[in-house]
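The listed protein sequences derive, respectively, from chains A, B and C. So the first sequence is numbered by our numbering: it starts at 1 and just counts up by one. So the second sequence is numbered by our numbering: it starts at 1 and just counts up by one. So the third sequence is numbered by our numbering: it starts at 1 and just counts up by one.
Read the hints as simulated data drawn from the structure, not as lab findings. Take these hints with a grain of salt, some might be off.
[What the hints assert, rightly or not] Chain A stretches covered by chain C per the calculated footprint, using a threshold of three residues with CB under 8 angstroms from any CB of chain C:
id, region
1, 1-10
2, 48-58
3, 63-71
4, 135-146
[As the list claims (entries may be wrong)] Calculated pairs, EDC-like style, for lysine to aspartate or glutamate (alpha carbon to alpha carbon, straight line, at most 20 angstroms):
id, chain 1, residue 1, chain 2, residue 2
5, C, K156, A, D21
6, C, K156, A, E50
7, A, K250, A, E276
8, C, K156, A, D55
9, A, K250, B, E154
10, B, K219, B, D235
[Stated by the list, open to error] Quick list of simulated restraints, FRET-style, between CB atoms:
id, chain 1, residue 1, chain 2, residue 2, range
11, C, A333, A, C264, 32 to 42 angstroms
12, C, A324, A, P190, 40 to 50 angstroms
13, A, L245, B, D158, 27 to 37 angstroms
The C-beta atom is built at its ideal place from N, Cα and C for all residues, glycine as well.
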Amino acid sequence: MPTMTYLEAISDALRQELRADERVLVMGEDVGAFGGAFKVTDGFVEEFGEGRVMDTPLAEAAIVGTAVGAAVVGMRPVCEMQFADFVACGFDQLVNVAGKTHYRSGLAVPIVVRLPSGGGFSGGPFHSQNPEAWFMHAPGIKVLAPSTPEDAKGLLTAAIRDPNPVVFLEHKHLYRRIKGEVPVGTYETPMTARLAREGEDLTVIAYGAMVHAALEATTPEQVDGASVEVLDLRSLVPLDTEAILATVAKTSKIVIVDEANETCAAGAQVAALIAEHAFEQLDGPIRRVATPDVPIPFSPPLEQAVLPSVERIRDACRDLLAY
Amino acid sequence: MPAETSSPTDVTMPQLGVSVVEGTVVSWSVAVGDVVEADQPLCEIDTDKIVTDIPSPAAGVVAEILVPVGSTVEVGAVLARIGLGAPAGQAGLRAGPVAGEDDSAGGAADIVSPAPPARSASAADASDSAAVSPSMPVVQAAYHSPVVQRLAAELGVDVAHVVGTGAGGRVRKQDVLAAAARVDDERPLHIESPYRPDDESEPTGQLSRIRRAIGAHMKRSLDTAATCTTWMEADMSRVEQARRDAKASSLLGVTALPIVARAAMDALGEHPALNATLEGERYTRHDAVHLGVAVSLGEDGLIVPVIRDAHAMSVEQLGLAIRDLARRARARQLAPDEVRGGTFTITNPGQFGSLMATPVINQPQVAILDLEAIVKRPIVVTDDAGNDVIEIRPQTILGLSWDHRALDGAQAAQFLGAVRRRLERWDG
Amino acid sequence: MATQTAGPAGARDPAAVSETSLGPSAHLTAADRVELLRAMLLMRAIEARALTLYRQGRVPGSFYDGFGQEAVSVGAAFAMSPQDRLCILHRDLGAHLVRGVAPPRILAQYMGRASGVTGGRDGNVHFGDPALGCVPMVSMLPDMMCVAAGMAMAFKLRGEPRVALTFFGDGSTSRGDFHEAMNWAGVQRLPVVFVLENNQYAYSTPLSKQFAVDPVERARMYGFPGVTVDGNDVEAVFETVRAARSRALAGEGPTLVEAVTMRMHGHAAHDDMRYVPPELLAEWAERDPIERQERRAASLGVDVEALRAEVEAEVDAAAAEALAGQMPDPANAAHGVFAVGAPQPLGDGRAPWSGFAAEPATAVRDPLSAGAGTDGGEQRPAEATV
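Chain A with its partners taken away, still in its complex shape (with noise of 0.2 angstroms):
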């Protein structure tokens, strides 16, 4: 099996998919000619021509907007938003449009848009955001947020032929930074949860990012031996329910990690269903390390004070664990 890094497993995905379903499209700034911001796309116009890799003009809701109408008939897609910040300028398009068409006419809309997301380099507040609770709070838009390569790989692949909308969300820290085994051709990984590390003492829920961060705070070394499971959530629209409370009901602790804003983030909705639908296997309360409600500020030691540190993840897990 290959190893690749986490934007090389994305290329692969886009690639194979263009290359075996005609339908299939990528659409963006700056991805055909200059293979994309990233260079997720790069070498791809090449291959594959401009018709189907196409440079659009600065206008978010204008590539959300085409890209549901090109997808009601017959195409598939795949949009990236240069940052995931700028997924607010198409906004509308894909709350309005593309998550509400199915449910009012039975008209399937097939689109996939990528969203680089995150922080943790100075990006600033208009380049590190994590907006999935944003879409996952949109009825009728699928949210996914790999952390690894493989499951980048796979999700992406399985998002490009589902037959909704679905924002994926990929962490722009992740790009190089992380390596993995990736399996050679086709896959599609399923919309559900993946337990990156088993345990027995407490749970560690976290997606994207943070799930490096999160296994990186709870080595035995540095949580006093004990036993923590991280959870990697994956898919946030569809969410693992079933995961999640068979993890609680093993470690009756849970810490929930989240890079982003910690009101009505992906993690409250977990804690609110860990408390309606497992409260008899709480052993201590839920608790929850997020970035607070602050824009990403620019300067290093202020960003490094708001995201969730390895430190902050280990300090409220050993808190807990001594509960």
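Put chains B and C on the given structure of chain A with help from the hints.
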């Protein structure tokens, strides 16, 4: 770091009578930082019946005084806290570990986790100042988390008897599971051993030191005494009735143990031969009953703290004393004197469902009373018209192991009969 | 190609729109012209009946109609082939009728019945029957311009001789999506027809408060022509859109067709439109599109009264059928948020224009049968053609 060396002892408002629900602090005779002995009076409490001293439950240093003079608090409220060990030099009696303080005395004054810890104010820890991280909740004394309650109910474990290894001595899920797993392992074992606060568990593959010590004492007891056991069945209807009434009106615990203990105190008054010790050739009858109560310590076996002058205590007082000793026993907060000097022992492992046992006598005493499960059974009862009818009654089998060197079977049976009579006529 | 009407921004003076610049279309047979009238009559009759039902409390929510604007949607839709695709808006009921949506389903839709086009999921004219190639509108106008551009984009990518069309109003040209769609369509030279229904008012906002430059002029700035047509002349509208469609098929890109008309009723049934000068309404009443087409039909020897009666009878029957329909089952309220399985793309619609009958591939279908999709429903590897 073992929790037992730094968990404080609560001084709680006692219930001085069935109807007492609150008391007012009249005066404090100690201050924060004072060294106190066990039993030393700490404060005066005025209930609507009496003004009384509250003796310290433990030796140590007054860590906190929570209720000022003139305040009225409910029975069970925490009045003060006593920490173990020597006093701190400074007023360092804040919650949480203070960074950089290497003073072992300071460690004793620290209060571990129940109160929100004050984080060390290192500049590098900016994440806490920027992020609002909630603190862990204060553990209330009798609170059990949802999973603990559920598991205890499902597994038939009496949470009151489970040793807690969580923050502040709280019972955790693992503790309940461990308690349930041990149900079938043990016969009641008794030791009279000095309290050993420094015991640590041994590596697996070998019995722990405590286990071996307990085993040695058991063996010695069986080798020394001529141990016999007599059983008698008792109808516990009135006792159960009293328990239901008690629950509604007071803090009386939900077990029958203090009621049986009170009945045993009375019966010992009539049969003093059973309230005696035999050490070698020396045989002593005692006037006072210093009642040993067997407390399970989970993995660490059993310990038998002693209620002094139990013969003078009401059921309510016995109930409180038993709970207090059990709690402190599990938190490893018993003073050494509290595990010595017993003249009679009672054990109550019936929560696990066993009906009868052959308890081992607690040397150098001559008898031990065993209370097992109370089980509903159909029994024959003679009604007022003289007819025999079958009724369903809660029954228990009282067991008494006794030393045939000091007693004979008739005395044992008479004692048991006296206990039974009192239980069957119990009227609160 | 029609001439542009350049003029100052502001209410369109009806006299300024030349009726004679477009004679009767050379492309319309007599039967076509009657069919155009019939569709307009049906639209008006359905809306009138729906308004009555609304006033009887049988139509929940709000009620919108296109009274006085029937020529725009009927004329434009008439020019679209079965394989073309439409985004239809709330004053364009005629387009749905031309495409083949049955009147009982429309009335049931207003009343929120299970037999309505959306099964109660959306209300009034927020519907589109995907089986007939119609995309349901959203309330955020003109979002559908982007969607239409996207459909056209796919047609062009696949080399298909198909066109997308959307309607939108004067008010919605002020929103960003208008600009993004116009720009995109112009940059990519997409086969899309943007039909701007200029009915003088967006709710209570007149044109003078809506834009400083006429949208039809702005089209040129996006790289394609803007054409003005008398929106109350159904044959002129047809001809203009037909020509725009031909342009698109020839690879010449988009056209903005401004159909000038007047909103004769309020913004919705709850609006008494007191802000509209009565003399303006009186002027436009003289130019009622249905009356105009009736005169043409009469001159062709058609019994217009009989036609009216036929349409009324059809609407009566439709109303009876719709009123007999059940309300939707609340148990299903949360179903269908997500699609499962292979997505069904838009199907083909009805295209009654005789010009299409001449082309073998465009047989007129029964509007009530679910149109079989001609768009790809399954994955195909890159070598195959659509």
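* To do: Verify the proposed pairing of C/K156 with A/E50, using a straight-line Cα cut of 20 angstroms.
  => holds (12 angstroms)
* Taking only the CA atoms, is the gap from B/K219 to B/D235 under or equal to 20 angstroms? -> violated (34 angstroms)
* To do: Go check the region 48-58 of chain A versus chain C for me, would you? Three or more residues, Cβ under 8 angstroms, otherwise it fails.
  => Held - the region 48-58 of chain A has 4 residues with a Cβ nearer than 8 angstroms to chain C, which meets the minimum of three.
* Hint consistency between C/K156 and A/D21 [alpha-carbon to alpha-carbon, up to 20 angstroms] -> Holds, at roughly 18 angstroms.
* Asked: Is it true that the CA of A/K250 sits at most 20 angstroms from the CA of B/E154?
  -> holds (16 angstroms)
* Asked: According to a criterion of three or more residues whose C-beta lies within less than 8 angstroms of a C-beta of chain C, is the region 63-71 of chain A covered?
  -> This one holds; 8 residues, not fewer than the three required, reach chain C with a Cβ under 8 angstroms.
* Kindly confirm whether 32 to 42 angstroms is satisfied by the beta carbon distance between C/A333 and A/C264. => Cβ of C/A333 to Cβ of A/C264: about 24 angstroms, so the range 32 to 42 angstroms is violated.
* Asked: Per the coverage rule (Cβ-Cβ under 8 angstroms, at least three residues), is the region 1-10 of chain A covered by chain C?
  -> violated (count 0)
* Evaluate the given range 40 to 50 angstroms for the C-beta pair formed by C/A324 and A/P190. => holds (45 angstroms)
* Within 8 angstroms of chain C's CB atoms, at least three CB atoms from the region 135-146 of chain A: coverage verdict -> holds (count 3)
* Measure nothing beyond the straight line between the CA atoms of C/K156 and A/D55; if it is 20 angstroms or shorter, mark the hint as holding. => holds (15 angstroms)
* Okay, A/L245 versus B/D158 on CB: inside 27 to 37 angstroms? -> holds (28 angstroms)
The structure is inconsistent with the numbered hints 1, 10 and 11, although it conforms to all the rest.
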